[in-house]
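Visitor: The sequence shown: position 52 = 52 (this note's numbering), numbered continuously.
For the record, the hints were derived by calculation from the structure and aren't laboratory data.
A portion of the hints provided could be inaccurate.
Said to hold, decoys possible - Pairwise CB distance ranges (calculated): (1) R9 x N41: 35 to 43 angstroms; (2) Y1 x R25: 20 to 28 angstroms; (3) K11 x R37: 30 to 38 angstroms; (4) S29 x T6: 19 to 27 angstroms; (5) F22 x N2: 18 to 26 angstroms.
Glycine included, every Cβ here is placed at the ideal spot set by N, Cα and C.
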Amino acid sequence: YNPHVTSSRRKNRKAHLTAPSFVRRVLMSALLSSELRSKYNVDKDRKLLLERKKNGRAVADKKGIKFTTEDVMQNID
1 YNPHVTSSRR KNRKAHLTAP SFVRRVLMSA LLSSELRSKY NVDKDRKLLL ERKKNGRAVA
61 DKKGIKFTTE DVMQNID
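Construct the complete structure from the given sequences, taking the supplied hints into account.
Guide: As structure tokens, then:
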């Protein structure tokens, strides 16, 4: 419970629907279910790679490695 966040439905709807795109991206994101993770062979290492890519951390830049979407999707298959 956070006393600084309103529980009003009206205010929550307004905040949700008028949120900027960088906030909306977080609100609309969802994790893969265990069935889909096993179906698409997303193992622990790949999940960490995707998380790191998603979060935009500079780990890959420090190592001199940059991932493209094609590289990540090939590794998943």
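Visitor: If a hint holds in the structure, say so; if it does not, say that too.
Guide: The hints, checked one at a time:
1. Distance hint check: the CB atoms of R9 and N41 are about 41 angstroms apart, consistent with the given range 35 to 43 angstroms.
2. Separated by about 26 angstroms at the C-beta atoms, Y1 and R25 satisfy the suggested range of 20 to 28 angstroms.
3. The given range of 30 to 38 angstroms is respected by K11 and R37, whose C-beta atoms sit roughly 36 angstroms from each other.
4. Here the CB-CB span from S29 to T6 is close to 23 angstroms, well matched to the stated 19 to 27 angstroms.
5. Checked against the given bound of 18 to 26 angstroms, the beta carbons of F22 and N2, roughly 21 angstroms apart, stay inside it.
Of the hints listed earlier, there is not a single one the structure fails to meet.
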